[in-house]
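Asker: We have chain A already, so just place chain B on it with the hints.
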Amino acid sequence: MSKKSFRQAINEALRQEMRRDPRVVLMGEDVAGGAGAAGEDDAWGGVLGVTKGLVGEFGRERVLDTPLSESAYIGAAAGAAATGLRPVAELMFVDFMGVCFDQIFNQAAKFRYMFGGHAVTPMVIRMMYGAGFRAASQHSQCLYPIFTHIPGLKVVIPSSAYEAKGLLIQAIRDDDPVIFMENKVLYDQEEEVPDESYTIPFGEANLTREGSDVTIVGIGRMVQIANAAADTLARQGISCTVIDPRTTSPLDTGSILDSVEETGRLVIVDEASPRCNMATDISALVAQEAFGALRAPIRMVCPPHVPVPFAPNLEDLYVPDAARVEAAVRAVMQHAGKQGARA
Amino acid sequence: MTGILPVTMPKFGLAMTEGKVVSWAKEEGAVIAVGDELADIETTKITNAYESSVAGVLRRRVAREQEDVPVGALIAVVADAAVADSDIDAFIERFQAEFAARPVEASGDASPGPLVVHAGGRPIRYLETGTEHQGRPIVLLHGFGGDLNNWLFVQPALAERHRVIALDLPGHGGSTKDAGAGDLATLAGVVLDVLRALDVPKAHLAGHSLGGAVALRAALESPSHAASLTLICPAGLGEEIDDDFTRDFISANRRKLLQPVLAKLFVDESLVSNDMTEDLLRFKRLDGAREALTTIREANFAGGQREILRGRLGELGDIPVQVIWGAEDRIVPARHAEGLPASVVTHVVAGAGHMPHLEKASDVSRLLLDFVG
Chain A
1 MSKKSFRQAI
11 NEALRQEMRR
21 DPRVVLMGED
31 VAGGAGAAGE
41 DDAWGGVLGV
51 TKGLVGEFGR
61 ERVLDTPLSE
71 SAYIGAAAGA
81 AATGLRPVAE
91 LMFVDFMGVC
101 FDQIFNQAAK
111 FRYMFGGHAV
121 TPMVIRMMYG
131 AGFRAASQHS
141 QCLYPIFTHI
151 PGLKVVIPSS
161 AYEAKGLLIQ
171 AIRDDDPVIF
181 MENKVLYDQE
191 EEVPDESYTI
201 PFGEANLTRE
211 GSDVTIVGIG
221 RMVQIANAAA
231 DTLARQGISC
241 TVIDPRTTSP
251 LDTGSILDSV
261 EETGRLVIVD
271 EASPRCNMAT
281 DISALVAQEA
291 FGALRAPIRM
301 VCPPHVPVPF
311 APNLEDLYVP
321 DAARVEAAVR
331 AVMQHAGKQG
341 ARA
Chain B
1 MTGILPVTMP
11 KFGLAMTEGK
21 VVSWAKEEGA
31 VIAVGDELAD
41 IETTKITNAY
51 ESSVAGVLRR
61 RVAREQEDVP
71 VGALIAVVAD
81 AAVADSDIDA
91 FIERFQAEFA
101 ARPVEASGDA
111 SPGPLVVHAG
121 GRPIRYLETG
131 TEHQGRPIVL
141 LHGFGGDLNN
151 WLFVQPALAE
161 RHRVIALDLP
171 GHGGSTKDAG
181 AGDLATLAGV
191 VLDVLRALDV
201 PKAHLAGHSL
211 GGAVALRAAL
221 ESPSHAASLT
231 LICPAGLGEE
241 IDDDFTRDFI
251 SANRRKLLQP
261 VLAKLFVDES
271 LVSNDMTEDL
281 LRFKRLDGAR
291 EALTTIREAN
301 FAGGQREILR
311 GRLGELGDIP
321 VQVIWGAEDR
331 IVPARHAEGL
341 PASVVTHVVA
351 GAGHMPHLEK
361 ASDVSRLLLD
371 FVG
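Protein sequence lines, in the order shown, are assigned to chains A and B.
1 is the number of the first residue of the first sequence in the working numbering; add one for each residue after it.
1 is the number of the first residue of the second sequence in the working numbering; add one for each residue after it.
A couple of the hints might just be wrong.
With a cut-off of at most 16 angstroms between alpha-carbon atoms, the simulated EDC-like pairs for lysine to aspartate or glutamate come out as follows [to be verified]:
{"id": "1", "chain 1": "B", "residue 1": "K256", "chain 2": "A", "residue 2": "E210"}
{"id": "2", "chain 1": "B", "residue 1": "K284", "chain 2": "A", "residue 2": "E210"}
{"id": "3", "chain 1": "A", "residue 1": "K3", "chain 2": "A", "residue 2": "E210"}
{"id": "4", "chain 1": "B", "residue 1": "K256", "chain 2": "A", "residue 2": "D258"}
{"id": "5", "chain 1": "B", "residue 1": "K284", "chain 2": "A", "residue 2": "D258"}
{"id": "6", "chain 1": "B", "residue 1": "K256", "chain 2": "A", "residue 2": "D195"}
{"id": "7", "chain 1": "B", "residue 1": "K284", "chain 2": "A", "residue 2": "E204"}
Partial pick of chain B residues on the chain A-facing surface, computed with a CB cut under 7 angstroms [what the hints assert, rightly or not]:
{"id": "8", "residue": "R285"}
{"id": "9", "residue": "L286"}
{"id": "10", "residue": "D287"}
In short, the hints are calculated from the structure, not lab data.
Every residue, glycine too, gets a C-beta built ideally from N, C-alpha and C.
Only chain A is shown next, with the shape it has when bound in the complex:
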């Protein structure tokens, strides 16, 4: 056990699964880099160095630098998965999904159904998401709600280094196509991560804080924002449960509903654009299944419905922060107070 960054945790998960299972291969643009150039082998390891060093151990047969055509290599990965390999393809930025979406949602996601349950598609598509990296509007989106919308895909959004390693190993061992979303702001964050391989099952939320007043659901990096808000609020006498769903598909609806039954108040923190995102989805779930338990309106803490700004001051205002979460929690608490006074 030692401290590892989010980046190292992902690299270690890939390395350990490639050692364990010769069918695991990597594909993507510059996942090694430098092929054919003298003295430049493994020049990149992916655009932010996540796959650095893997080509040295596993060779170019298993770490494949692909042409600049997402449609071609994501499709190739889906075909490779259907024919017995377990490819991990790196899409680089989620923002590039548009050029290969047919391969994902019409092909990979459908194989099991189209072939009467006789085909499996054990592929993982890794991609970076999220704002706060000064990467502008075409490299900063979240877009996981779009994948979550598609039946046949599993969608994983790790919130920390420990989570990333266990969830990625689980993703590689899963027989369905898995979208694995990495918030690039987290790459250098460190925490204790076991050296051994381990798996975290899909569809099992993690309660990172436990409290009785308000339930806060956070997605991906927003779990950390929610934790920070919960810690501040705890010192002010407001106790919050923070739920990290870990996977948006499958979604652990039971843990969310159980918690709201206890607290009666819900705040959802989602970095995705506010229309049709995870916050609206979870709000609808709770409004339908636990309306009677609610003591205040549900609050959603999301960015505004605009492209991610490039101006640093505007980008900082765009991403939800702990202060906004705290304000939302206070608002639902005050609402309950008014109700109580009336009764």
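Answerer: Relative to the frame of chain A, chain B by itself:
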């Protein structure tokens, strides 16, 4: 400023970086003897009654109740009543200045961490402390589902006078998840292999629960390796064991499900913290961990204990044996301590369940120290 003694935040276990004085047990001005309970100290894992290792008058309580302070920080000052208040103030001021100026690495873990030894080809993790002491080491063996961190309160106390080696049994902690057949013969064989690999010809063996049965089996297998045996709520002395506990311990895959299982281990169920539960969930997620636990459970405990060694205690000859049991043990009943040969020293610890070394750690430390001499 001689005769002024600092009391600092202790380090309970490898992961502890800070702790909290939950409540002070003594007022300023109280006369303190070595072993007196000074305060309840809480880590993120568990709360423990902290006993003074120094004697004198508690002149100053530096840490406030409920305040988080780093390991090694000054929490109190003990001195003779004759020492002037101004000298105490100066001592505190100097200590705080030096503590604030300490190098960054010293604020972390100065003590060596666990190591790995290959015993019979199996990687086994162990933590060795008190290496400056000569004489027979004490070897600590945890119970089913535990690891070397179960001794976090006991090991430091023992290491003040002895070399102490706590290890993770196969299938547990940071050791191999290959538990082989998982029966006592296999596990005891690994323990003996570890002793040989570490060049320890003879040791005081202390084991808890499953580890107690393993220690006993190892001593029967190779009496020359055992200087003494301390069996804490051990398996191997009777048929009864809480079958649901060992089954649910393996199957519970969420904090909410595991917490009530762990609560059975203690009299004070509030000792089961979120961190303790989370650590166990993380252990069980490791590749092979649940399979190893299942193998060990089926070999030893499923439907009642499989190997009863009570009738073989006579074979130990003159190896001293003591048995320590929590009076309110809900996993393995304390009545298994009854009817043992007269040569066996038996202690039943009031206010403890199946984990007296966590719940009544200082009692267990004292009994061990007195016994091994």
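Asker: Would you mind marking each hint as holding or not holding in the structure?
Answerer: Hints, one by one, checked against the model:
1. B:K256 / A:E210: Roughly 11 angstroms separates the two Cα atoms, so the pair holds.
2. B:K284 / A:E210: Violated. B:K284 to A:E210 sits at ~22 angstroms, over the 16 angstroms cutoff.
3. A:K3 / A:E210: Violated. A:K3 to A:E210 sits at ~25 angstroms, over the 16 angstroms cutoff.
4. B:K256 / A:D258: holds (11 angstroms)
5. B:K284 / A:D258: violated (24 angstroms)
6. B:K256 / A:D195: violated (26 angstroms)
7. B:K284 / A:E204: holds (15 angstroms)
8. R285: With a closest approach of 4 angstroms, the B:R285 hint holds.
9. L286: holds (5 angstroms)
10. D287: At about 4 angstroms, which falls below the 7 angstroms cut-off, the nearest Cβ of chain A leaves the hint on B:D287 intact, so it holds.
Hint compliance for this structure: hints 2, 3, 5 and 6 are not met, and every other hint is.
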